[in-house]
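Reconstruct the complex from the two isolated chains, following the hints.
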Amino acid sequence: MKNRRNVVIALLLIAVLCVGIGYAALNDTIDFTGKISYTPDFQIVWGTATDLDSILTNSEGTDTDKFTVSMNTSEWVVGETKTFTVTVKNASRYDAENVAVKALTTTAVEDNYTVTAEVTGAYTIAVGGTTTVTVTVTMDSYPTDTVTNAEFTFQVYADQVA
Amino acid sequence: MRFDKKLYVCTAVFLLSCLLVSFIGEKITQNFALAILVGIETVLLSLFLKKRTVPNFHKRQVALVMAAIATIMIALYLMTGIKYGYIKTEFKFAYLTNFLLPYGVTIVATEILRSVFLAQKSKIITVVTYFLFVWIDFLVLCDTNVFANYDSFMAAVGFALLPALTSNFLYHYLAGKFGALPNIVYKLIIFLFPYIIPIKPDMSEALVSFLRIVMPVGIYLLIHTLYTPRTFAVAKRNTVLQAVFTTIIVIFSAIYIMLVSMQFQYKLIVVATESMSGEIDKGDAVIFEEYDKQIIQVGDVIVFNHDDNRIIHRVVDIKKINGQYRYFTKGDANESRDSGYITDTDVLGIVNLKIKYVGYPTLWLRSLFE
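So the protein lines, in turn, are chains A and B.
Sequence positions in the first sequence follow the working numbering and run 1 to 162.
Sequence positions in the second sequence follow the working numbering and run 163 to 532.
Pairs of lysine to any residue, SDA-like flavour, derived with a Cα cap of 25 Å: (1) K66/A to R93/A; (2) K221/B to R4/A; (3) K482/B to V101/A.
If you want a taste of the chain B side facing chain A, the calculated C-beta under 8 Å gives, among others: (4) A368; (5) V376; (6) I411; (7) V422; (8) A434; (9) R472; (10) G521.
Honestly, the hints are just simulated from the structure, not real lab data.
In this text, a Cβ means the ideal position worked out from N, Cα and C, and glycines have one as well.
Isolated chain B (complex conformation) (with noise of 0.2 Å):
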C-alpha cells in the first residue's frame, strides 16, 4: 500500500480535535467546539487531499430513499406512542442555537468528510475513521458521566455507544458508495427531530436501544439489497439453509427483544434474590405473563408491586372481602409470610416459566457498579 503521507497527517489532525473536544466538560460549549472544529477541517482536508471521483450513479436516488426511511421510522416512532402513551418533552428556543444549529453543522461537515476520507481508498484510514466518527456520535448523544451510576452506564451503552457503531458502519456504508448525500439528509432528519416535535412515546429505555442499534443494520442490508448488481449463480440447497437459518435468528431475536424490554404480553425478570430458593434460585430467570384479571391461585407464583419493590413470591393464602381479592404472599424460602397483602392492582403477572442461570451474566454486571 502507498504511504500517503499527507493523509495520515490529516486522519491525525482529525483524531486530535476530536481528543480536544472530548475534554470540554459544558455540552453546550462542546457542542459548538465540536461544530466549529469540524468544520474547519472539512474545509482544510478538503482542499488539502486529493480527490478521488467515487462513481455513485444512484446518489440522488439512494438520498431520496433514505429521507423516505427516516421519516417512516419518526411516523412508526411516534405511532407507538398510541400503544405505549406520550410524554412531553421540553421544547425552547434556545434549542435551535444550543442544539439544531451545531449538530447541523456537525453533521453535514463530518459527512463530507468521511466521504473524503473513504475516497482515498485506504483500507487503515477507513478503520480508523470510522472509530473516529463513532467518538464523535457518542459526544454527541452522550452527555452524562458514563460510569456515574449504573443507569448512566447502560444509557452511555445502550443509546449511544452501540447505536454509533452500527449507525457508522451504515454510513462508511454509503459514503463509499454513493457519496455523502444520503447520510446528511438522513442524519439531519433522525438526528434534529428530537429537538423539533415536542413529544415522545413512552417507551421503555431497552426498546428504544434495541431499535436503535438494530435499524441501521437493517437499512443497510435493504440499500445492500436493493444496489448492488446481483450474481445469480447461487446453489438453491444454500440460499434455502440460509432462508431457514435466517428466519431462525430473527424468531428468536424478537423473542429474546420482546421479554427483555418489558413493554409486551411476556416479560422476563432475572433473580436476584434468594426468597425463593429451591425453587427459583438467584441467578434464574423467569418469564411471566402480564396480569389481565387472570385467576390466581393458591400456589401461584406471582410478579406484584409492593412499596415499588418488584416481588416474585408465592401466594399462599386468598381471602375475598366484600368483592376485592386479598393475596397473602412467601418466598419459598422465607421463614414467615410477607407483610399485609396484596390486591389485584398490584399485580404484575404470573411466573410461566423459569429459565435456570441465564441471569448471572446480569446479575455480575450490575454487580460491578455496587
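In isolation and in its complexed conformation, chain A is listed as follows (with noise of 0.2 Å):
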C-alpha cells in the first residue's frame, strides 16, 4: 500500500512537471525595420508663450505635448481677434520633421470662438532647437455662461527623422 501510494505521488510529479514545462511561457521578439517614429508628442514639446496683445492670464503645458492656454475674454467684442504665440522646442535625441498643431477645442470654444494654430516657423526642427507656433483667437459671438476665462489647448506632432 505505502509503495504503491508513493508510486501514485511519483508520477503525479512527473504529470505536474510535465504540464509546466508545456505551459510555461516564452518571450518574444522586436522587430523593427524601417524609419523609425516616436509617437510625436512627449519629444517634441512646447516652450514659452509670447503674449503679444496681452490676452494670457494663464498657460500651462511648458515641456508637455499640450499647451494650454486661458485668456479673459470680458471685453472683448464680436469679431475681435487676438493673437499670441508660443515656442516648440525639440528635447528628443533625434531631428524632426513635418511639426504640425492642432487646436483642441470643446464645443463650447467652438460655438463662441475661432481659434486657429499654425507653426509660422521651420517645420524642421534639429535637436535642441525651437520654431514658432502663432496661435489667433477671434469671438464669433458672445459666451452665454458667465465665465470670464477661456481656455483653449493646443496638441503638437511631429515626425521624428531617422
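Structure below.
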C-alpha cells in the first residue's frame, strides 16, 4: 500500500512537471525595420508663450505636448481677434520634421470662438532647436455663461527623422 | 488466474464501443451515442456478469464526504474569482439536453459499469478498464482537434488527458472499495456545475490544469488515510524522514506551480530568443517579480509588453517627462536600441533570477508544432 502510494505521488509529480514544461510562457522578439517614428507628442514639446496682445491670464504645458492657455474675454467684442505665439522645441535625440499643431477645442469654445494655430517658423527642428507657432483667436459670439476665462488647448505633432 | 471468458468478452465489447464512439466527429451526437452505448452496456453487463459483493461498510458516508469535497472545491474555485476576476460563460437551455442529460447518463452508467468490472477482481480487467474509462473521460472533456496547434494540444493534455488519468485512479480506488455511489455523487457535481453556473474565475489555463491534475490524488490520499485500517508498528525514524521528504516535495511543487502559472507575484518565462545572449541565453528561464511601481534603474533587465509581445530587454536610458517615466530598452546582443520607449503601464516585471538551460524542454515541445 505504501509503495503504491509513493508510486502515485511520483507519477503525479512527473505529470505536474510535464504540464509545467508545456505551459511555460515564452518571450517574444521585437522586429523593427525602416523609419523609426516616435509617438510624436512627448519629445517635441511646447516652450513658453509670448503674449503679443497681453491677453493671457495663465498658460501651462511647458515641456509637454499639450499647451493650455487661459484668457479673459469679458471685454472682447464680437469679431475681435487676438494673437499670441508659443515656441515648440525638440527635446529628443533625433531631428524632427513635419511639425504640426492642432487646436483641441470643446463644443463651447467652437460655438463662440474661431481658433487657429499654425507653425509660422520652420517645419523641421534639429535636436535642441525650436520653431514658432502662432495662435489666433477670434470671438464669433458672446459666451452665454458668465465665465470670464476662456481656455484653449493645443497639441503639437512631429515625425522623427530616422 | 482463472480465465473468465464472459468477462473478457464483455470487456472487449466495451472497448469496441468506446472506439466506435471516438470516430463520431460531431460533439453533441457523440455525447448521445456515448450515453446510449454505455447505458445499454451497463444494463446488459450487470445482468450478464456474475456479481461478487464488495463489503463497503462506509459506502454512504464516503458518498457524503465526496459530495462535501466536490461542493467545497467548487466554492473555493469560484472564490478565486475575487482575486482573478470572473468571466461570464454562455448559458443556453439547449445545454440541458445537449450536455447535462447525456453526461449525466454517461456518468451514472460508467460508474456502475466500473464497479461491476472491479468486483470481478481481475488485475488485467482492472488495468484495461482503467484506460477505457480514461478514454471516455477524454472524449467527454476534449472537443478539439488535438494536434491542430500547440494550444489545442496543451488543452487536450493539461485539461483532459492528465486530469482523466489522475481522476480515474481515484474513481477506480473508490469503486473498488466503496462501490459506485461515491463516484456518481462526486462526478455529477464536478462535471455538471460548469453547465449550470454561468460564471467562472479568470484563472490561467496552467493553474486550472495543475489543480485538475493534483486534486484527485489529494482526495485519494485523504480518503485512503481516513478509511484504511491503520497499522501502528511504524518506525519513528521513517516517519520523520517521510515527513521531511513530503514537506520538501510539497514546497517544491507549490513553488513550481506558482512560477509557471504566471498568476502570482513571482513568475517564470522561458527565453526563446537570442536578443540577450551573453547574459541570458536562449533556453534559459528567468524569474521576475510582478511590477508594482518598484524603482527601475538603468541596467535593470525588465519584462515588458510591446505590441502584444512579451520582451525581456535591458533598460539603457530613462527619461521623466511631465511626471511620467519613459524607459528606453535594448537587447544586449542587439546592435541598436529598441524602437520608441515604454512606460510604467507596459512593464510586467523586473528580472530577479536566471536559471540556465531549464527552458530547453519547453522550446523542444513547442518546436514540434512549428
